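Order-wise, the sequence lines are chains A and B.
Quick note on numbering: my numbering labels position 206 of the first sequence as 434, and the sequence is numbered without any gaps.
Quick note on numbering: my numbering labels position 404 of the second sequence as 480, and the sequence is numbered without any gaps.
Everything labelled a hint here was simulated from the structure, so no lab data went into it.
The structure displayed is predicted, hence computed values, not measured ones.
Heads up, a few of these hints could be off.
Capping the alpha-carbon separation at 27 Å, the derived lysine-lysine pairs in BS3-like fashion look like this [what the hints assert, rightly or not]:
| no. | chain 1 | residue 1 | chain 2 | residue 2 |
| --- | --- | --- | --- | --- |
| 1 | A | LYS277 | B | LYS632 |
| 2 | A | LYS377 | B | LYS632 |
| 3 | A | LYS277 | B | LYS572 |
| 4 | A | LYS335 | A | LYS438 |
| 5 | A | LYS465 | A | LYS309 |
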Amino acid sequence: MSQLNLHLKVWRQNAGQPGHFQDIEAPEIPDHASFLEMMDIVNERLISKGQEPVAFDHDCREGICGMCSMQINGVPHGPEKATTTCQLHMRKFRTGDTIWVEPFRAKAFPVIKDLVVDRGAFDRIQQAGGFISVRTGAPQDANALPIGKVVADAAMDAAACIGCGACVAACKNASAMLFVSAKAGQLNVLPQGQPEKDRRTLGMVRQMDKEGFGNCTNQYECEAACPKEISVRWITKLNRDYAVAAVKEALGNTPKVAGGGD
Amino acid sequence: MSLDSHIPSGPMAMKWSKHKQDSKLINPKNKRKFTVLVVGSGLAGSSAAATLSELGYKVKCFCFQDSARRAHSIAAQGGINAAKNYQNDGDSVHRLFYDTVKGGDFRARESNVHRLAEVSVNIIDQCVAQGVPFAREYGGMLANRSFGGAQVSRTFYARGQTGQQLLLGAYSALNKEIAAGGVQMYPRTEMLDVVTVDGHAKGIITRNLVTGKIESHAGDAVLLCTGGYGNVFYLSTNAMGCNVTATWRAHKKGAYFANPCYTQIHPTCIPVSGDYQSKLTLMSESLRNDGRIWVPKKAADIGKPPAQIPESDRDYFLERKYPSFGNLAPRDISSRTAKEVCDEGRGVGPGGRGVYLDFAEAIGQFGQKTIAERYGNLFAMYEKITGEDGYKQPMRIYPAVHYTMGGLWVDYNLMSNLPGLHVLGEANFSDHGANRLGASALMQGLADGYFVIPTTIANYLVHQKPGSVTAEHPEFKKALEVCTAQTKGFLNSKGKRSVDSFHRELGLLVWDKCGMARDRAGLTEALKRIPELREEFRTNVVVPGSGEACNPELEKAGRVADFMEFAELLCLDALNREESCGGHFRTEHQYPDGEAKRDDENFSYAAAWGYTGDFAKPTLNKEPLTFEEVHLAVRSYK
Chain A
229 MSQLNLHLKV WRQNAGQPGH FQDIEAPEIP DHASFLEMMD IVNERLISKG
279 QEPVAFDHDC REGICGMCSM QINGVPHGPE KATTTCQLHM RKFRTGDTIW
329 VEPFRAKAFP VIKDLVVDRG AFDRIQQAGG FISVRTGAPQ DANALPIGKV
379 VADAAMDAAA CIGCGACVAA CKNASAMLFV SAKAGQLNVL PQGQPEKDRR
429 TLGMVRQMDK EGFGNCTNQY ECEAACPKEI SVRWITKLNR DYAVAAVKEA
479 LGNTPKVAGG GD
Chain B
77 MSLDSHIPSG PMAMKWSKHK QDSKLINPKN KRKFTVLVVG SGLAGSSAAA
127 TLSELGYKVK CFCFQDSARR AHSIAAQGGI NAAKNYQNDG DSVHRLFYDT
177 VKGGDFRARE SNVHRLAEVS VNIIDQCVAQ GVPFAREYGG MLANRSFGGA
227 QVSRTFYARG QTGQQLLLGA YSALNKEIAA GGVQMYPRTE MLDVVTVDGH
277 AKGIITRNLV TGKIESHAGD AVLLCTGGYG NVFYLSTNAM GCNVTATWRA
327 HKKGAYFANP CYTQIHPTCI PVSGDYQSKL TLMSESLRND GRIWVPKKAA
377 DIGKPPAQIP ESDRDYFLER KYPSFGNLAP RDISSRTAKE VCDEGRGVGP
427 GGRGVYLDFA EAIGQFGQKT IAERYGNLFA MYEKITGEDG YKQPMRIYPA
477 VHYTMGGLWV DYNLMSNLPG LHVLGEANFS DHGANRLGAS ALMQGLADGY
527 FVIPTTIANY LVHQKPGSVT AEHPEFKKAL EVCTAQTKGF LNSKGKRSVD
577 SFHRELGLLV WDKCGMARDR AGLTEALKRI PELREEFRTN VVVPGSGEAC
627 NPELEKAGRV ADFMEFAELL CLDALNREES CGGHFRTEHQ YPDGEAKRDD
677 ENFSYAAAWG YTGDFAKPTL NKEPLTFEEV HLAVRSYK
């Protein structure tokens, strides 16, 4: 195991106030440490000097909860493909490197403190239709509805999304289309999801617009940054589903969009 | 206080049906008048909040993460058990029940386990209806895999992320109810205390982790779905935020804490690589379906590249010791055996704390593509963390703290001895005895939330006048002041050491003295050192920042303070239990071949500890465990 000497430029900000970059020296970082463990070490040193540590979101530290964020050298979750910040290890950097660490940037993700942002918009989008309305205890036997492996695998591909928001942070328009298309797409491909497909699609897309996310202009930065490698083909599907639902709605064939408790 | 578990009478297979029949009903118009506070949004919390709201109760749900979807159930990889017998391999409700009681080393409550096995089949139906993308076969039917401690294939899975998919299902049900107005969600909100009024749990105190505001919430019942206490060891597979605060504070308000010494050490984790390490990463035990576990026969070979060690010099120690279960021996046994071979100096990797998990044979048999389909994400995770390729060389694994079977004592209705306080999922103690089988945690969380509590909570609420206690009650003011004072105390402490440094020291101590093997001398020493550490924490901790804003150090300080107090109870319980069973291994109590030696005559009980005051010895209340269906036997997997 070897050690790295790094120069960090870390975004510091309190909610509602302007922020700034702080220069922090990070010498003697073990190369086996994860990026967040490097931040732990930096914070320990700040505390011992009587300074306030850098606030950042994190929880499972195994790449599945989607809580960690951070724009590292301008890239959400850093340089490593298909990797969350917590799974990024310092052996991917070289001693002497300068590393820029910023929060995920998007109007719909306001900064709470330092590197911590509010991603509540994602929850609200899912509350606008990202579910199948089935009461507990009502279903039939699980094998009564065969679902072909191809369809089941496609649903699983979409369901792998961890809701971290890297797609938004990577997009120059701060569009949430990759996230929304994966969440809607998982349910829209499954037979169980058909009855509510139109209102789900309309509800989620409209909530997304309301939250202030930008439009998709097909540059696919989102797919490149996604730690779970969600494909932009889901965006194509969402656009198609939306067009169909919108036409049906215009013709008066779609019930009220989801979320109203109707 | 007496411990009445309220187990229904009648034959085992009929108890739950009978209890559902006998349970109280509240008419739909009245349900709306009751408010239920659900703390935690993992599998148990989300499923309970959603289902109670569907029934018409008003629900407030709290989680410390920024979204309900991030609760640590998300990280479960391998699968969920259910007695569907889709494989026609002889599974049944009774067999799942039997395996779970035996797997728990005969320290679980039989009636609860039987109910768990019964509702397991409903869980799968429910999840599929929600759109959970379980693995399927080409014909469209659900696929199954095998898991430790069972000889049938009853585990349903969704690639290596079953926990995420089940939680997203429960989260979608929760979202449906939030949209419908039945559930009010409070993310980034941590529970600091339970409020009791006339001996009943009637509310909670919370801290808003964004604004720092400390607030009161009143309700007619409180559900703690707050997970386990594995992070008392600092290094564990739990998420960084997992904590004992909710259950410990409830304990200090009168709820009994049962069997804290039953802690599970998971055999297949990535070994520790240095002292900066913040957590340990588990790799699903499903890997043991195809991977073979071994160490060199001779200690002299540990430094050699594994490929240069011929077959004849390898010790496949689980296959050797447990021929009928082999690499799928239960977790406690697999972990302890790995520790033994490392103690003998035959461990591999840094510090000699690791054993090989080798896929060479499986890759030879099925091809790398098939193995990648089964475990691709786990191989990728291993590569990211260690920088090594598990397809080309054996992985190195070592046991790590993973799950805690102990928890707050509950009766058959999942209510603690504190009326109104219900405890679900990992936070309670009832279903897994002294050791949990793989793929059973997800099953229990969802069973409690979807199917048990929606029925049993009415048995408490029917006797309550809805909304009788409000947050204006003086007890709330009192509890609020205590929490505010504690927060200020941390911020005013002018010490030198960070919260994490204390947590790390506590963890090392507890792991050393109360980890995979325990003895009287070690536990006694731990009980002497923990109060000293607590005292140093009180006088020498430093918590920068303010209480009126987002302050992660302050959050950690409260959690670590509770872990320190809890650690004493953990060690005390381990000291009291003069036997070895499941995850609790006392070196004084073993057979000559090193197997755990239970003492059914003296210890066939759940130890439910009552809080009597700071630094005061807790009271020990015993719930005797009686076995009607399963014959008590030495738990053999040979």
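These are the hints, each one checked on the structure:
1. Using a Cα cut-off of 27 Å, the hinted pair LYS277(A) and LYS632(B) holds, with the two alpha carbons roughly 19 Å apart.
2. Pair hint LYS377(A) plus LYS632(B) does not hold up; C-alpha atoms about 45 Å apart against a cutoff of 27 Å.
3. About 10 Å separates the Cα atoms of LYS277(A) and LYS572(B), which keeps this hinted pair within 27 Å; it holds.
4. Of the pairs offered as hints, the one joining LYS335(A) and LYS438(A) holds, with about 12 Å between alpha carbons and a cut-off of 27 Å not exceeded.
5. Pair hint LYS465(A) plus LYS309(A) holds up; C-alpha atoms about 24 Å apart against a cutoff of 27 Å.
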